[in-house]
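Participant: Chains S and R are the protein sequences, given in the same order.
Remember, the numbering used here sits 81 above the position in the first sequence when you count from 1.
Remember, the numbering used here sits 81 above the position in the second sequence when you count from 1.
I should point out that these hints are in silico values taken from the structure, not numbers from a laboratory.
None of the values given here were measured: they were computed from a predicted structure.
Mixed in with the good hints, there may be bad ones.
For identical chains, the list gives no copy identity; a pair is met inside one copy or between any two copies.
Stated by the list, open to error - Straight-line alpha carbon distances no greater than 20 Å define the calculated EDC-like cross-link-like pairs of lysine to aspartate or glutamate that follow: (1) Lys677 with Asp138; (2) Lys194 with Asp374; (3) Lys245 with Glu334; (4) Lys345 with Glu518; (5) Lys366 with Asp138; (6) Lys677 with Glu592; (7) Lys369 with Asp637; (8) Lys351 with Glu372; (9) Lys685 with Glu235; (10) Lys345 with Asp262; (11) Lys194 with Glu624.
Spelled out, the chains give:
Number of protein chains: 2
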Amino acid sequence: MSECSVTFLPHDRVVTVPTGESLIRAALQGGVHINASCGGEGVCGKCRIIVEQGNVDGGLSERISPEDVEKGYRLACLAKITEDVVVRVPVESSMDKSVMNLQAAPRRTATIKHMDFESLKEEGLFIPPVEKIFLTLSPPSAQNNMPDVTRLIEYLKLEADEHKLELTLSVIRKLPGAMRDGEFQVTVTVIRPVRSDGKNLIINVQPGDTTGENYAVAIDIGTTTIYGQLIDLATGGCLGEAGDFNGQISYGEDVITRIMYAEKPGGLEKLQEVVVGTINSVLEKIIKKSEVDREDISTITFSGNTTMTQLFLQIDPRNIRRAPYVPTATLYPPFLAETVGIHINNHAIALMYPQVSSFVGGDIVAGVMGSGMYRDEVLTLFLDIGTNAELVVGNEDWLACTACSAGPAFEGGGIEFGMRAAKGAIEDFSLDPVTYEPMIFTIGDVRPKGICGSGLITMAAIMFEMGLINNRGKFNREHETSRVRQTNGIWEYVIVWQDETQIGRDIVLTEPDLDNLIRAKGAIYSGCITLLEEVGLSMDMVERIILAGGFGSYIDLEKAMTIGLLPEIDPDRVTFIGNGSLMGARMSSLTNRIRKDVVAVTQKMTNFELSETPSYMDNYIAAMFLPHTEVEKFPRLKARMDKRAE
Amino acid sequence: MSECSVTFLPHDRVVTVPTGESLIRAALQGGVHINASCGGEGVCGKCRIIVEQGNVDGGLSERISPEDVEKGYRLACLAKITEDVVVRVPVESSMDKSVMNLQAAPRRTATIKHMDFESLKEEGLFIPPVEKIFLTLSPPSAQNNMPDVTRLIEYLKLEADEHKLELTLSVIRKLPGAMRDGEFQVTVTVIRPVRSDGKNLIINVQPGDTTGENYAVAIDIGTTTIYGQLIDLATGGCLGEAGDFNGQISYGEDVITRIMYAEKPGGLEKLQEVVVGTINSVLEKIIKKSEVDREDISTITFSGNTTMTQLFLQIDPRNIRRAPYVPTATLYPPFLAETVGIHINNHAIALMYPQVSSFVGGDIVAGVMGSGMYRDEVLTLFLDIGTNAELVVGNEDWLACTACSAGPAFEGGGIEFGMRAAKGAIEDFSLDPVTYEPMIFTIGDVRPKGICGSGLITMAAIMFEMGLINNRGKFNREHETSRVRQTNGIWEYVIVWQDETQIGRDIVLTEPDLDNLIRAKGAIYSGCITLLEEVGLSMDMVERIILAGGFGSYIDLEKAMTIGLLPEIDPDRVTFIGNGSLMGARMSSLTNRIRKDVVAVTQKMTNFELSETPSYMDNYIAAMFLPHTEVEKFPRLKARMDKRAE
């Protein structure tokens, strides 16, 4: 993708953006505020800028007079960058130099980690878990009429140096036909043992040479969404990817309500059937996209949280939700995928990611494996933030984990205009430091409908840093304006006036909303602190943060640090891994090293139950401020605030 | 069972028989001929004897006048022995002392071997393959909320010193309920590994203490009949036994026609379904008889010939019947019984007896295991005689085997009045040395319908020894009587006149019948000779013979040696094991030692294909005489015949 540079005047700030980016998003990236409240549909007409050098694509509107167009005026939300440009943000309100310093620092992009097959190989981590071996056998004769299986095994020993072989009944069934259809040329699929004392299991035999077609499937069974990838075991590449809502949603939004449903007669069976239905539909899509023969799929790796795992395997989950929160198992034996109802073939072996506890499940273990934190000497904090947040801390020598309930604020729950991260959700936000006029960005660049988690964090961070709210999330009573107001005794800020929304009501952020946000971030931060304390460490010793999960991928790091959701750390030392669960499942499909390591990792991960840790409540209370009772823990923020106070 | 002695005069022969035995069978046992041709229904009235001391029960008939009754006359076939008696056989034909010597020697009973659990234990062979272990676990607490599976495994390690444990998904599913239903007292079922590097597999968990109920099933899948036993793993006892005709009979009498049916579209699936249907009905019967809970059945061991094995496991058998006669496999992996359609439970593990070749199958291997010949230093010849005869020779150090086609003569095929061993079949026979009048015995003591294999052998042996037929099975042309006659140019002997049969026709034995019998016995004997020669031995080096199989159990040893079906050997050195296949399956259920040994045994059994052994034809031609071209190979017979010739 080619890039262009955009220079914003009078700030003299230069940003580099991909060709095709809108001017308003470039401004946000550069920390340049431009008033905007309609989500980018050109409706509010506030985001006027002047193109001084170069040209932009679009940006014209009825709201700009022909004379102004002539002068270079454009609407930033409608203008796309196609070459290097210099644009001026008209200073329509008087602004002195000091105000300029209140602008947010330019965003710094954290590392985004993708699965990389080549580097796996370079690191020596690539140990194929499944191999196809082509053999040319001699046909039976009167002098040599050994059984078909014996012939196969002898050739595998002598020609392919394969030993400690076992095979399944289904292979025995296929063998006489495959040998003769292939005129005694066959391809056998061998699964390598995870343990060094294990056997090489022959799971399939095909006539002729099919060594070029060897595939695996990775499936992340999320509470909300199920994602699948079809992986080429020769190249490590993903041939097809698809996702779908977990059909269990109709039986409960979260794991607790699902468990309650599973406790009803027939409930467990129903939920199992439904999730398998979704998995089969995802599988169907990725097989179709990849254009592979399902006969050539050798393994399928599943990861999910503890409840999703137990429901998928039809294991009564009732004890997960009741003290003392006992999961049924951590490690699961491999099994034939078809035996749980997966429409695949009769030989693909299923692997289930192991769990650590009722609330630290296989999705987190998969993330730890996929991110590689368990084999790195750097002290890492791994965070998967959602309604429940799971935390893992450690390095190659040790690992500790816990889970805490953040409540649904980050997914829009308990927030007056909260919503999930869907089209129309305000996901980003900026504030004019003098006028407190907002600049908003919505998912899909449409008129706003509500606020999603990442938008909420950004709003709270900016309002706090600009002094619009105090460290308890209360609006500065002196700032009462048309946007900051009381309604029925509750203080609130109007983000978007009703005319510019899709819902015909003022979209506001209230003090109770901020209170819920502070509780949520406080729960997570204090969870991190408590976990670290339990292992004798403190937050400033953390050398790296890994953020996993859908929500984690959208967090604005600086803002998350400003509100005290995350500890303050150099953004270069933060890595986003996206769907860590899927990444881990894919890694396990690709290399036996990960399959081997995961057993040890699960066993060495020490689980802490925060409810059993007395210091957790103290840490929680201390974290119920923006960013924290002790602002010294956030030195960069403190420096900015000190500077502003000058 | 109490016994009585019977003295026969004028022979002065004393036999001991169980109370309740008929006088005529006692006479047969003592080698005393009494004319009789109606099968024991009192119809022919020929078997008159005089009770001289003591009393018998019954034996009265309209055919005996009141005066004769007064004198002590009875019909031997209707008289039951209830106390010691002395009876006289009236010499109604003139008979000199020399004739007495022509009577058959008293029968000698060969050893009959039964499975004996106690001797297994004494021999140190008892290594339980399945154990139930009772555990009292501590309930989970906030301080100790490890997963259910982990808790179970920890207790098994610490309290029961169990290690290298693996468990199945179905156990994981049952665990949370079983633990809590049993208030944390549970019984786990563990299957021991066959190989020393294997794992202990946990296949079931039950609430409370069920260690007293631990059962196994052994199933012999015969081409004709399927037998099952339900075995108590604590005592080794058989709690229930049942058999049924293999439902596949409707699709072909023998293995070749079944294979041909299996080659038709859907044929293999149909035959699998049908045999599983029979197995399930046998299983149902033995479970009902035993009054056990099918949940407490842990394993099921199957044995059958190669074709029965492949049809049961739905493995295309077409290559078994085509040169070079390649079976698909010898060793089969253990599998869940329910996966092939067995109605048992969801955890019982099925073991399939391994095969050696297309024609030496798991039934023979099971017989070798059950008889223990593979762990004895004595050079043993193991024979299972049927349409196909399987032969194994060897000892603890080595084993060799082969199979030969005897043709259906022993099962009544190709014999004019041949029939299977069923009610009404003439199964035993004696001949008056002077008058050539017969004494016959039928299965069920009813009027005769035909001749079964054992009857055929006895007839040929006696006729040969009495000079009625020569060593080529041709009737002595000088002996033409009302019983020895030509019909349509074919010489025959009338065994039963039509009036005394169930079928209203004279039951005869023809020269072509004798020819078929000689071919059948010649095939088997020459098979034995050839197999021994191939390993550098000769028949006189054989120290023991083991006879397995339904037909084997009924053979009259001396007669079988007289016709040259078996080599001449001291009957004390012959062991009858009955259904060796079932015996081996039961042994494998009871001790892991057999399961371990069977792999080595199968691998060390050298298989010879007679069709590939040029000397077989020469040996066959030499065996086409009664008893053999070289009568010197049968010294006892030769001595008797020499004496008779004096």
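Participant: None of the hints should be skipped; say for each whether it holds.
Facilitator: For each hint, the structure was consulted:
1. Lys677 with Asp138: neither (54 Å within a copy, 80 Å between copies)
2. Lys194 with Asp374: neither (30 Å within a copy, 56 Å between copies)
3. Lys245 with Glu334: neither (47 Å within a copy, 40 Å between copies)
4. Lys345 with Glu518: Cα proximity of Lys345 and Glu518: none, with 52 Å in one copy and 82 Å across.
5. Lys366 with Asp138: Neither. Shortest intra-copy (37 Å) and inter-copy (85 Å) distances fail the 20 Å Cα cut-off.
6. Lys677 with Glu592: Answer is neither; intra-copy 50 Å and inter-copy 74 Å both fail.
7. Lys369 with Asp637: Classified as neither; 36 Å inside a copy, 70 Å across copies.
8. Lys351 with Glu372: This pair counts as neither: shortest intra-copy Cα distance 31 Å, inter-copy 35 Å.
9. Lys685 with Glu235: Between. Shortest inter-copy distance 16 Å satisfies the 20 Å Cα cut-off; intra-copy 40 Å does not.
10. Lys345 with Asp262: Classified as between: cross-chain Cα gap 17 Å, same-chain 51 Å, threshold 20 Å.
11. Lys194 with Glu624: Within one copy only: 17 Å inside a chain, 76 Å across chains, cut-off 20 Å.
The structure fails to meet hints 1, 2, 3, 4, 5, 6, 7, 8 from the earlier list, while all remaining hints are met.
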